[in-house]
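Chain by chain, the residues:
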Amino acid sequence: MKLPKAPPVVSDINVTPMVDVMLVLLIIFMVITPMLTKGAQVNLVKTRNPIKMQDADKEDAVLISVTRDGKIWLSPGNAMIGLDKLASRVKDLQTARTGDKTVYIRADARARYGSVEDVIDQLRTDGVDTLGLITEEVQDRNRRGLSL
Amino acid sequence: MAMAVGGSGGAKADINVTPLIDVLLVLLIIFMVITPLTPHGLNTLVPQPPPPNQPPPPPNQDPNVVIEVAKDTSMQINGQPIKEAELQSRLEDVFKTRATKVVFVKGDPDVDYRYVARAIDDAKGAGLDKVGLMTPKVEAGQ
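Keeping their order, the protein sequence lines are chains A and B. Just so you know, we're using the working numbering here: the first sequence kicks off at 8 and counts up by one. Just so you know, we're using the working numbering here: the second sequence kicks off at 0 and counts up by one.
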């Protein structure tokens, strides 16, 4: 019996479904990643001697972000807040906290120090005495001077 | 119309798992990279206003050490200019003989925050566990 020739065998892997999955993954992660970091997007200062601050990740940790243009974001809530309302808002949050009363500040490396000072002065009126300045740890001694 | 019946080699009934493994490996790597890193930070103190109706505390034996960061990012320890690279070793020297490891950091409002943070970082590196931030209102005694 004579059969007609079959078309040549395609030996390549069909990558189309894989690419589909990858693209969906990429989009999912692009959407999720900004939500993982608490507070506003800031470039942290690179320092050599920071200590671990696990408590800054807690749900009720008071975290204040100061962006490069001096805007203030307050977590929990993750909302922009005016300097005049900061003290009363932090006071409310602090009374709800038990134990550790440290307030954490995530300030942009290029923010004016004056705007950070303003935040500290506001916190001082609430009786906050310990601050955690969130920074990024670098191992290399020399790199700090070169980069941001 | 004719059907291709049979062919070279038997038909493979296995699922090709290679793409699946690829995807899973990439997923694994992505999760490893974005695993929330524990935040790091520098612990600092904010001097509190003295309680009212209390006599001022007796003057200290040791004068306070104040690191100042000027507008042009130059640094001074108690008025003496110092290079940023030498700050840590200088602080180590100064505090070798002192019992209280307390330093105050003061920054010009117009200087970038990173220079002040680095001064604090150097103080931490010199083993000073108490770093106080001097703000304008602290200095005014409010």
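Bear in mind the hints are in silico, worked out from the structure with no lab data behind them. The beta-carbon is built from N, C-alpha and C at its ideal position, and this holds for glycine as well. Treat the hints with care, as some may be off.
[Said to hold, decoys possible] Quick list of simulated restraints, FRET-style, between CB atoms:
#1 A/Q48 with B/G140: 32 to 38 Å
#2 A/M37 with B/P135: 40 to 46 Å
#3 A/G89 with B/I20: 34 to 40 Å
[Unchecked claim] DSSO-like mimics (lysine-lysine), calculated; alpha carbons at most 27 Å apart, straight line:
#4 B/K82 with B/K95
#5 A/K98 with B/K136
#6 B/K100 with A/K78
#7 A/K59 with A/K78
#8 B/K129 with B/K82
#9 B/K100 with A/K108
#10 B/K82 with A/K108
#11 B/K136 with B/K95
#12 B/K136 with A/K92
#13 B/K129 with A/K98
#14 B/K95 with A/K108
#15 A/K65 with B/K129
#16 B/K136 with B/K100
#17 B/K100 with B/K82
#18 B/K129 with A/K59
#19 A/K108 with A/K92
#20 A/K65 with A/K92
#21 A/K78 with B/K136
#22 A/K108 with A/K98
#23 A/K59 with B/K95
#24 A/K59 with B/K100
Each hint, compared with the structure:
Under the hint 32 to 38 Å, the C-beta atoms of A/Q48 and B/G140, about 37 Å apart, fit the expected range. The given range of 40 to 46 Å is respected by A/M37 and B/P135, whose C-beta atoms sit roughly 42 Å from each other. At roughly 52 Å, the beta carbons of A/G89 and B/I20 sit outside the given window of 34 to 40 Å. Proximity of B/K82 to B/K95 is assessed by CA-CA distance (about 20 Å); at most 27 Å being required, the pair is judged to hold.
For the suggested pair A/K98 and B/K136, the alpha carbons sit about 19 Å apart, so the restraint of at most 27 Å is met. For a cut-off of 27 Å, the pair hint linking B/K100 to A/K78 is broken: about 34 Å separates their Cα positions. Under the criterion of a C-alpha separation no larger than 27 Å, the hint pairing A/K59 with A/K78 is consistent with the structure, at around 26 Å. Among the hinted pairs, B/K129 with B/K82 is consistent with the structure: their alpha-carbon atoms are about 22 Å apart, no more than 27 Å.
Restraint check: the Cα-Cα separation between B/K100 and A/K108 comes to about 23 Å, which is no more than 27 Å; the hinted pair holds. Distance check on the hinted pair: B/K82 and A/K108 sit about 35 Å apart at the alpha-carbon level, beyond 27 Å; violated. For the hint linking B/K136 to B/K95, the alpha-carbon distance of about 31 Å lies beyond 27 Å, and the restraint is violated. Straight-line distance between C-alpha atoms of B/K136 and A/K92 comes to about 18 Å, which keeps the hinted pair within the 27 Å bound.
A threshold of 27 Å between alpha carbons decides the hint, and for B/K129 with A/K98 the separation of about 24 Å falls inside it, so the pair holds. Taking the CA atoms of B/K95 and A/K108, the gap is about 31 Å. The hint is violated against a cut of 27 Å. Proximity of A/K65 to B/K129 is assessed by CA-CA distance (about 24 Å); at most 27 Å being required, the pair is judged to hold. Of the supplied pair hints, the one linking B/K136 and B/K100 holds, its CA atoms being roughly 23 Å apart against a limit of 27 Å.
A C-alpha spacing of about 21 Å is found between B/K100 and B/K82, which places the hinted pair at or below 27 Å, so the restraint holds. A distance of roughly 16 Å separates the Cα atoms of B/K129 and A/K59; the hinted pair therefore holds under the 27 Å criterion. Between A/K108 and A/K92 the alpha-carbon distance is near 19 Å, which keeps this suggested pair within the 27 Å criterion. This hinted pair checks out: A/K65 and A/K92 have alpha carbons roughly 23 Å apart, not beyond 27 Å.
With a C-alpha separation of about 21 Å, the suggested pair A/K78 and B/K136 falls inside the 27 Å cut-off, and the hint holds. The straight-line distance between the Cα atoms of A/K108 and A/K98 is roughly 11 Å, inside the 27 Å bound, and the hint therefore holds. Under the criterion of a C-alpha separation no larger than 27 Å, the hint pairing A/K59 with B/K95 is consistent with the structure, at around 26 Å. Restraint check: the Cα-Cα separation between A/K59 and B/K100 comes to about 21 Å, which is no more than 27 Å; the hinted pair holds.
Comparing the model with each numbered hint stated earlier shows that hints 3, 6, 10, 11, 14 do not hold.
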